[in-house]
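Peer 1: Sequence:
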Amino acid sequence: SDYRLCLGDPFVYYMARRLGIVPALSHSKALNRGTWMHLRFQYLNRPLPQINTIMENKLGERLEELSQTCTDLGIQGDSKKDVMAREEKDFHCSMGWYAAASTVPCYEGQSFEDLLLSPHWHMLGTEFRFVTSVKTNGRSNPMRCVSQPDLLLYHKGQNSVWILDLKTTAMSPKKRAMGIPIDFQTEHYMFSTNELIKTGALQRAFNLPSDCKLGGMMHLIVRKPSIEFGLKDRDFTIDDTPFKSGPRKGQPRMEKKYEGEPRLENYIQRCTDWYHGTGDYIDKEAEWAEDPPVGISFTSASLVLDKRIQQRYIDRVRVIQRYASDLAPHPQNFPMTDSPFTRADFSTYAPFMLAPVGEWPRLIQQEGFVMRRRDEPIPDDIEFDVIREPGSEFEE
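Residues in the sequence shown are numbered consecutively from 633, following my numbering.
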């Protein structure tokens, strides 16, 4: 994400990453639901009742955080209720997607959970933070680099380590997979992991054979359903009373009569029908036969041996290094676009683009921004390391 931001809008990179000025209540439905999906994925090998308890607790924590943020910003009444309701809807939609997507065959007739929980794999853990250094040229200091794979696996038969990344997308998984070989993330994760294997740091951290190798990277790509959690997820009965007149006279109505509040179980069933092209979504059957809504792509470790790709990776890290550390943190060093608009509306950082720097402290308060950095500083004495994040280890 840093690489794309540096290429696309250095000024936004400066605001969000160098200064850590971000909207206190920024919301992207796609990003937020993707975040909940990733969190649910972390617990794929736990018993379902335990998972449900964990996720409900996570939702409670998130709602408390949002409530406090609303209080700090003076947001009350219906506006606050809307913020909380939006988060709950994102949560329930994501849980529905995951539960349904995990039933779809995506590799040799297996679902992704069947594949990943098979005895071929030993799960090392989720969301480990890898820290390495990359020397991009002969002048600058090595660039401190962090990667945090969604899942790290060891294949016993191959004696190899595999990285897995979960991607949710609105587009065809087949089309999304076409871009994976040139994704900076693919290069970054694979080069970082391979470096830790070469130095033996990974083997020591996970008690792996010293001669293990990088197998490659898998991308689990899940298409997001076009259906929302809502009124159609209430319990219903079928009204089969016959029509009394008209062309369908005498035929049963077969209409759904809804009652009560929407239930997650009903949404999961609707999503399952959507992913399988059954029930109300039988029209998807032919499309999914050609282009399944869940897929897994594999990128071989040979990528890290390609001299051309090695140079491309270093060049890309160099782009980030320029904006992350080489340039002094002054606004004039970070070019902004020539328009404060995004899709016919003001962009997030338009107020700062249109005002002198002296007014920025006032704008931070007035526009609901906070100073919050996405990442913690990396200790200077870490050269190659694997940092275990709290709760990331799998239970044996």
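For the record, the hints were derived by calculation from the structure and aren't laboratory data.
Treat the hints loosely; a few may be bogus.
Unchecked claim - Taking lysine-lysine pairs in the DSS-like style, the calculated list, with each CA pair at most 30 Å apart, reads:
id, residue 1, residue 2
1, LYS939, LYS807
2, LYS856, LYS661
3, LYS712, LYS864
4, LYS888, LYS721
5, LYS721, LYS661
6, LYS807, LYS916
7, LYS856, LYS888
Stated by the list, open to error - Ranges between beta-carbon positions, derived for each pair:
id, residue 1, residue 2, range
8, ARG940, SER658, 32 to 40 Å
9, ASP938, ILE870, 58 to 66 Å
10, VAL951, GLN997, 32 to 40 Å
11, ARG940, LYS713, 50 to 58 Å
Idealized CB from N, CA, C, for every residue including glycine.
Peer 1: So, for every hint listed, does it hold in this structure?
Peer 2: Evaluation of the provided hints:
1. LYS939 <-> LYS807: Distance of about 26 Å is within 30 Å: holds.
2. LYS856 <-> LYS661: Within the cut-off at roughly 11 Å; holds.
3. LYS712 <-> LYS864: 25 Å, holds
4. LYS888 <-> LYS721: 23 Å, holds
5. LYS721 <-> LYS661: Holds. LYS721 to LYS661 sits at ~10 Å (cutoff 30 Å).
6. LYS807 <-> LYS916: 18 Å, holds
7. LYS856 <-> LYS888: 26 Å, holds
8. ARG940 <-> SER658: 32 to 40 Å: 38 Å, holds
9. ASP938 <-> ILE870: 58 to 66 Å: 59 Å, holds
10. VAL951 <-> GLN997: 32 to 40 Å: Given range 32 to 40 Å: holds, Cβ gap about 33 Å.
11. ARG940 <-> LYS713: 50 to 58 Å: 54 Å, holds
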